[in-house]
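Student: Residue strings, one per chain:
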Amino acid sequence: QKEVEQNSGPLSVPEGAIASLNCTYSDRGSQSFFWYRQYSGKSPELIMSIYSNGDKEDGRFTAQLNKASQYVSLLIRDSQPSDSATYLCAVYNFNKFYFGSGTKLNVKP
Amino acid sequence: NAGVTQTPKFQVLKTGQSMTLQCAQDMNHNSMYWYRQDPGMGLRLIYYSASEGTTDKGEVPNGYNVSRLNKREFSLRLESAAPSQTSVYFCASSGLWGNLANQPQHFGDGTRLSIL
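Chains F and V supply the protein sequences, listed in that same order.
My numbering numbers the first residue of the first sequence as 1 and each following residue consecutively.
My numbering numbers the first residue of the second sequence as 1 and each following residue consecutively.
Careful, some of the hints might be misleading.
[Claimed, not checked] For lysine-lysine, the following PhoX-like pairs were computed, each having C-alpha atoms within a straight-line distance of at most 20 Å:
| no. | chain 1 | residue 1 | chain 2 | residue 2 |
| --- | --- | --- | --- | --- |
| 1 | V | K57 | F | K96 |
| 2 | F | K2 | F | K104 |
| 3 | F | K42 | F | K2 |
| 4 | F | K2 | V | K57 |
It should be emphasised that the hints constitute simulated quantities derived from the structure, not laboratory data.
Computed from a predicted structure; not experimentally measured.
The task is simple: from the sequences and hints, build the whole structure.
Tutor: Next comes the structure, spelled out in structure tokens:
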């Protein structure tokens, strides 16, 4: 079992819709959780960090963490074609970051 | 504000050649990491350095060596390159807030390495 699991997609949503990306992790001791966006041929860039249970909002992005169920999600409201990218979920535990394989999001105009 | 700088950006090697990928960060981060990314495989950790003077193996260390030269610099060496090491290599760094959380990683732009 991988440390971090994501649906590889692609997830296709129409422009203006809400995109919902999900991630599960295996180690209950995981401490910090991150979402990165990666455009093709580019390096990952941080979208959101979340450290405690609940929701965290930043503009059009909302991260949700449920440690009891061991999942993290990212909601993107009013999706734009520029949001089309691969989204990586990362989990920090004892000096290492564990990455999922990413979910490819396509936002169609 | 450079962040994480990797050199070179592109490199083509022949099988058996050696080379060193360089990485430097200017954010005073304690931890530094080397990843490789292959299509459909996500980011795989090669080696990491939790602090200056320490290095540890990650998920795929075979064929690589690292050196944490100082707090700023963390290099990755391929001693005898193989075609299986063709990949995109990313260096990252992160800081630490106390014992319970970690600052997110910041990534360099990557090195695209092809081994013929």
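Student: Taking the numbered hints from earlier one at a time, note which ones the structure violates and give those numbers from smallest to largest.
Tutor: When the structure is compared with the hints, only number 3 turns out to be violated.
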